[in-house]
Amino acid sequence: MNLYGEKGNFIEELDPRMKLLIVILITVMTFITESTVLFMYYYALIFVLIFTSKLYKSGGRLLLFISVLFILQLLGQNIQNKGFRDSYIAIVILIQRLSVFVAMGVWASSKMKVGTFVTALENMRVPKGMTITTAVVLRYIPTVKQEFYYIRSTMELRGIGLNFKNIILHPIKTFEYSFVPLIIRCMTIADELSASAMTRGLDLDTKRIPIIDVKIKAVDVVVTVAVVFLVVGGMIAYKKLNGELL
Amino acid sequence: MIRISNVNFKYSSSDDNALCNFDLNITKGEFIVLLGKSGCGKTTVTRLINALAPDFYDGELSGDVIVDEMNTKEKTIQDLSHSVGSVFQDPRSQFFSMDTTGEIAFSCENAGLPKEESIEKVKRAITELKIERLLGKSVFELSSGEKQLVAIASVYARQPQIIVLDEPSANLDNDSVEMLRDRLAILKKQGHTIVVSEHRTHYIKDLCDRVVIINNGEIMSKMSGDEFRALSNANLNAMGLRSLNLEKIDRQNKYFAGTELTLELENISFNYKNSDDLFRNLNLKLHKNEILGIVGENGKGKTTLLEIICGLRKQTGGEIRINGKKCKAKDRIKHTYFVMQDSDYQLFTESVENEIYLGSKKDKNYQEKGIEILKLMDLYYYINRHPASLSGGQKQRLSIAVSYMKDADIICFDEPTSGLDYNSMINVSNLLKTLANQGKAIVVTTHDYEFLANCCTSIFDM
Chain G
70 MNLYGEKGNF
80 IEELDPRMKL
90 LIVILITVMT
100 FITESTVLFM
110 YYYALIFVLI
120 FTSKLYKSGG
130 RLLLFISVLF
140 ILQLLGQNIQ
150 NKGFRDSYIA
160 IVILIQRLSV
170 FVAMGVWASS
180 KMKVGTFVTA
190 LENMRVPKGM
200 TITTAVVLRY
210 IPTVKQEFYY
220 IRSTMELRGI
230 GLNFKNIILH
240 PIKTFEYSFV
250 PLIIRCMTIA
260 DELSASAMTR
270 GLDLDTKRIP
280 IIDVKIKAVD
290 VVVTVAVVFL
300 VVGGMIAYKK
310 LNGELL
Chain P
3 MIRISNVNFK
13 YSSSDDNALC
23 NFDLNITKGE
33 FIVLLGKSGC
43 GKTTVTRLIN
53 ALAPDFYDGE
63 LSGDVIVDEM
73 NTKEKTIQDL
83 SHSVGSVFQD
93 PRSQFFSMDT
103 TGEIAFSCEN
113 AGLPKEESIE
123 KVKRAITELK
133 IERLLGKSVF
143 ELSSGEKQLV
153 AIASVYARQP
163 QIIVLDEPSA
173 NLDNDSVEML
183 RDRLAILKKQ
193 GHTIVVSEHR
203 THYIKDLCDR
213 VVIINNGEIM
223 SKMSGDEFRA
233 LSNANLNAMG
243 LRSLNLEKID
253 RQNKYFAGTE
263 LTLELENISF
273 NYKNSDDLFR
283 NLNLKLHKNE
293 ILGIVGENGK
303 GKTTLLEIIC
313 GLRKQTGGEI
323 RINGKKCKAK
333 DRIKHTYFVM
343 QDSDYQLFTE
353 SVENEIYLGS
363 KKDKNYQEKG
373 IEILKLMDLY
383 YYINRHPASL
393 SGGQKQRLSI
403 AVSYMKDADI
413 ICFDEPTSGL
423 DYNSMINVSN
433 LLKTLANQGK
443 AIVVTTHDYE
453 FLANCCTSIF
463 DM
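Protein sequences appear in the order of chains G and P.
As numbered in the working numbering, the first sequence has no gaps in its residue numbers, which increase by one up to the final residue, 315.
As numbered in the working numbering, the second sequence has no gaps in its residue numbers, which increase by one up to the final residue, 464.
It is possible that some hints are incorrect.
Mimicking DSS-like on lysine-lysine, the simulated pairs with C-alpha atoms at most 25 Å apart in a straight line are [stated by the list, open to error]:
#1 P:K364 with G:K234
#2 G:K242 with P:K363
#3 G:K126 with P:K75
#4 G:K76 with P:K132
#5 G:K123 with P:K139
#6 G:K234 with P:K363
#7 G:K214 with P:K332
#8 P:K332 with G:K242
#9 G:K76 with P:K117
#10 P:K330 with G:K234
#11 G:K276 with P:K332
#12 P:K336 with G:K234
#13 P:K117 with G:K197
#14 P:K332 with G:K234
#15 G:K284 with P:K287
#16 G:K180 with P:K117
#17 G:K242 with P:K366
#18 P:K336 with P:K316
#19 G:K180 with P:K275
#20 G:K180 with P:K139
#21 P:K77 with G:K197
#22 P:K125 with G:K284
#23 P:K275 with G:K123
#24 P:K207 with P:K39
#25 P:K332 with P:K363
#26 G:K286 with P:K336
#27 G:K76 with P:K139
Simulated DEER-style distance windows between Cβ atoms [unchecked claim]:
#28 G:K197 with P:S391: 53 to 63 Å
#29 G:G77 with P:N10: 47 to 57 Å
#30 G:G129 with P:R282: 25 to 35 Å
#31 P:N386 with G:K214: 32 to 42 Å
#32 P:M464 with G:K214: 42 to 52 Å
#33 P:N386 with G:G129: 46 to 56 Å
#34 P:D380 with G:K197: 45 to 55 Å
#35 G:K197 with P:K332: 50 to 60 Å
Note that these hints are calculated values from the structure, not bench results.
Quick caveat: nothing in here was measured; it's all calculated off a predicted structure.
Ideal placement from N, C-alpha and C gives every residue a C-beta, glycine not left out.
Okay, chain G solo, but in the shape it has when bound (with noise of 0.2 Å):
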């Protein structure tokens, strides 16, 4: 009997540690860089890693976001009003950066079993606590938006619907309309989950041994060293055709 079903390409199949210290470094890059060609560089590495993963659908959605995003810059540039055209780029950047969250996150968490992202993290001496609420957030976000489909079906037909005019007119009401409920939900959510958690043995003081193992193979070294080398390297490399490096 194969339990599994199709096993997936090394990337798809990478150990969550490594998958985390990818995440890491690339958001921090991402985050920090101030250039938009190394920022598309970088984009352009993350694609890889979605595409490769066959995540066909996210991926391609959220080239188009990216790409949008790269032309909304460039119309910016256009602008005649010096503090106006600041701030405009400014917030353009700020939402391309922010996306590289998503984008990672989406890659990470495909594929991820949570079986093992537990014991990596036990692996790791991470506190039990932590392994335990970190285990449930990412149990809880693919629910999120059937959840909150519910919800905006209910704005809707209430007459309080979540469209450009509500949020321009009352953003503070319709935030709190659209979150409220999903807090609550959360909240039920969370606590029905740990019960149930709880009776199956999640915080029992004996080790847990998952049934597939959770070692790092040399393709997950060999695959976060290239990807390591390609994320500095292409920093390394812009600076000195830059000059500023020597």
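Since chain G is already given, all that's left is putting chain P on it; use the hints.
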């Protein structure tokens, strides 16, 4: 196997005892069904057995609960996790993994069993419970019924002596309930001690060895399976319990001849992007005062049909008319209201009063009208309460009150009676009849045959 002696239990959040002088002995291999109205304390009994009360749900416990020779007062939930497996009501919120295999292996992994042994146990659970086809899937692709089977497999893999289930059928359609019954039969045959708290009993009537009926935290009666099976629907209903023999229920409200047409669906089709038709060329007429029940298996698009009627989705083909006029999705939103199965998604403000005025037209008499509706829905007393602090039934009525304020002609209900006891189900049924008598047209999706027979004037099978 389980000895509950002279137990009193009070949740810290409540003033009244959830259980009083409760005595129950369960022997090895017994199949026990706990029955009673909502809030009678049957869930609390299951929580005593897996030690969630008072370990997780705080409260004061007196008396002794001995489970597999362990006194729960001296042990933790984790200690008991080797002996007791628990399945809960809502399959959405008891899953920890995102893949089925990981979920089934979860308890074994936590217990620190050697890898080979865990794999062996997982495989055994899958084969014996006949769920091979669910293997290696994402849990988000599963229906509620399938999720419940995986939850059972996950418990079963660990091979606990005792398995407690808290309303496992509450969110399931009829086919899924059958699947659940088959699996429970397997567990029983293998000698597990099983405790089920339920409202719907027809599916487990042949499995139960003993039935315990609980009322206000006290045992009202204990009877053998045979004594229970001999009870008539009327006996059970009088105790506030659901009917056991669904085939003996007559439809009450079936004589209806509508005159004023409210809603017409003509050749309606729908498909999600890039997938096959969910349904095609569907025709439907709904009159003023009518209560139309929509039945059919999960996955046939019942809820989607309601969303289309309410204008939350656009049909991919066909025409919809309300009061004789062709209506686009945007206009349908104004004439309709959708009462979801779970009202938590539908309440936004900090008091009952604000809730009904939110988004409604503020004309001259709106406050009078609001108060009148709250009285009708039996909510006036709670006018200043926070909606989140209301009970499930009260939240549902508040949601209905909102639809009244909106003057919606058509009110859609999605599974309004799932997980309700007999009296609450009759209350919902009566409420729907009241709405219909006041000139509303009602569409309701349901798996609950008893409810359908009680109030629907017509039935549409998808």
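Going through the hints against the structure:
1. P:K364 with G:K234: Satisfied, since the Cα-Cα distance of roughly 20 Å is no more than 25 Å.
2. G:K242 with P:K363: 17 Å, holds
3. G:K126 with P:K75: Violated: K126 (chain G) and K75 (chain P) sit about 52 Å apart, past 25 Å.
4. G:K76 with P:K132: Holds: K76 (chain G) and K132 (chain P) sit about 23 Å apart, inside 25 Å.
5. G:K123 with P:K139: 17 Å, holds
6. G:K234 with P:K363: Since the Cα atoms of K234 (chain G) and K363 (chain P) sit roughly 18 Å apart, the hinted pair holds (cutoff 25 Å).
7. G:K214 with P:K332: 23 Å, holds
8. P:K332 with G:K242: Holds, at roughly 22 Å.
9. G:K76 with P:K117: Given that 25 Å is the threshold and the Cα spacing comes to 19 Å, the pair holds.
10. P:K330 with G:K234: 20 Å, holds
11. G:K276 with P:K332: Violated. K276 (chain G) to K332 (chain P) sits at ~56 Å, over the 25 Å cutoff.
12. P:K336 with G:K234: 17 Å, holds
13. P:K117 with G:K197: The hint holds at about 21 Å.
14. P:K332 with G:K234: 15 Å, holds
15. G:K284 with P:K287: 62 Å, violated
16. G:K180 with P:K117: 21 Å, holds
17. G:K242 with P:K366: Roughly 24 Å separates the two Cα atoms, so the pair holds.
18. P:K336 with P:K316: 15 Å, holds
19. G:K180 with P:K275: At roughly 24 Å apart (the allowed maximum being 25 Å), K275 (chain P) and K180 (chain G) satisfy the hint.
20. G:K180 with P:K139: 11 Å, holds
21. P:K77 with G:K197: At roughly 20 Å apart (the allowed maximum being 25 Å), K197 (chain G) and K77 (chain P) satisfy the hint.
22. P:K125 with G:K284: 23 Å, holds
23. P:K275 with G:K123: 20 Å, holds
24. P:K207 with P:K39: It holds: about 18 Å lies between the C-alpha atoms, which stays within 25 Å.
25. P:K332 with P:K363: 18 Å, holds
26. G:K286 with P:K336: 59 Å, violated
27. G:K76 with P:K139: 12 Å, holds
28. G:K197 with P:S391: 53 to 63 Å: Hint violated: Cβ distance 33 Å, outside 53 to 63 Å.
29. G:G77 with P:N10: 47 to 57 Å: Holds, at about 54 Å.
30. G:G129 with P:R282: 25 to 35 Å: 29 Å, holds
31. P:N386 with G:K214: 32 to 42 Å: 34 Å, holds
32. P:M464 with G:K214: 42 to 52 Å: Violated: the Cβ-Cβ distance is about 26 Å, outside 42 to 52 Å.
33. P:N386 with G:G129: 46 to 56 Å: 50 Å, holds
34. P:D380 with G:K197: 45 to 55 Å: 46 Å, holds
35. G:K197 with P:K332: 50 to 60 Å: Holds, at about 51 Å.
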